[in-house]
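K.L.:
Sequence:
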Amino acid sequence: SPDSSSSSDREPTPPPKKLKDKGKKKSVAIPTDGKGKNEGPDPNWDYKPPPGVTLLQDVGDAGEFDWDAVADDNDTELWLIRVPESIKPKYLENTTLETLKSTKKSSRMATLKRTHATFDIWSVGEDDDANIGGEEVKALSCLLPRKTKNGKLYPAPKPIARHLVVSAQAVAPTPDPASTSPAQIQPYTRPPRENYPKDVLTHSFQPYGSLSGKSEDKNKMDVDVPAVVSSSPTLQKKAIRGRVKVKETEKKEKTKDGEDKMDIDGPLSQAAAAPSSSPAQKKAKRAK
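Residue numbers (the working numbering): 1 to 288.
It should be emphasised that the hints constitute simulated quantities derived from the structure, not laboratory data.
In this text, a Cβ means the ideal position worked out from N, Cα and C, and glycines have one as well.
One or more of the hints may lead you astray.
If you anchor each label on the Cβ, the simulated ranges turn out as follows [unchecked claim]:
1. 154 x 115: 54 to 62 Å
2. 152 x 82: 38 to 46 Å
3. 207 x 94: 48 to 56 Å
4. 141 x 46: 16 to 24 Å
5. 189 x 94: 16 to 24 Å
6. 46 x 116: 40 to 48 Å
7. 46 x 102: 41 to 49 Å
I would like the entire structure built from these sequences, with the hints used as guidance.
P.N.:
So this is what it looks like as structure tokens:
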């Protein structure tokens, strides 16, 4: 039948795909110690020193700064001192401080002089009128080691009695010359010159150029320098001629000097008898 043939030619249909179960997962119970959230000790609360710093575990014997020693001594007070980095603690060892009856007002207790600056030691009071700085020291607290508790640090049994601040003195500006009165201005006076005996003054003052005249006189002096003999015959002949001329001039000068001496220094009788070329003498010679 046509119905049976058509049904046999059809392909079988695939089975439907199974869908995944998207149900919620079951929560797992976490065991608790009976405390709520953010309760109990937190390991991250412990103090961690900054890098490069080691935590001090054993304080050792703190001496007079031990917690029990401070608590048992009624005459001991805790003072907090803020010192600049440029001042070492050894500079404060022999410093004398003035005793203050009241701690309500800020006042200066001492002065510390150093090579390049002068520092004042102030007691910070309760008032804020004095502009000395150091207000932050009032909010600091003190921890003292306790030997009976394995050297652990505990808050001090006594409050801080005084807060001291070491600060540099302010540089005062130079006063204006116009504001100062003429009476305050004093004329400048030179210090007296030192007087020395003449026996001590052995050095002579010779500034640069004072000996220039003496050097010129030395240069003008005649110096015997040997003549340089040249190898060429023409130069030798010229040198010989020059020497001959010099000798001739020297002889002429000598003869002139001799004649002048004869004319001047000779006696009058010889000078009168000298002229032999008179006409009477000539006639007598001819007659002979």
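K.L.:
Does each hint fit the structure? Answer for all of them.
P.N.:
Outcome of the hint check:
1. 154 x 115: 54 to 62 Å: Between residue 154 and residue 115, where Cβ atoms are some 41 Å apart, the hint is violated.
2. 152 x 82: 38 to 46 Å: Violated - the Cβ-Cβ distance for residue 152 and residue 82, about 26 Å, lies outside 38 to 46 Å.
3. 207 x 94: 48 to 56 Å: holds (54 Å)
4. 141 x 46: 16 to 24 Å: holds (19 Å)
5. 189 x 94: 16 to 24 Å: Check failed, 40 Å falls outside 16 to 24 Å.
6. 46 x 116: 40 to 48 Å: holds (43 Å)
7. 46 x 102: 41 to 49 Å: Since residue 46 and residue 102 have Cβ atoms about 42 Å apart, the given range 41 to 49 Å holds.
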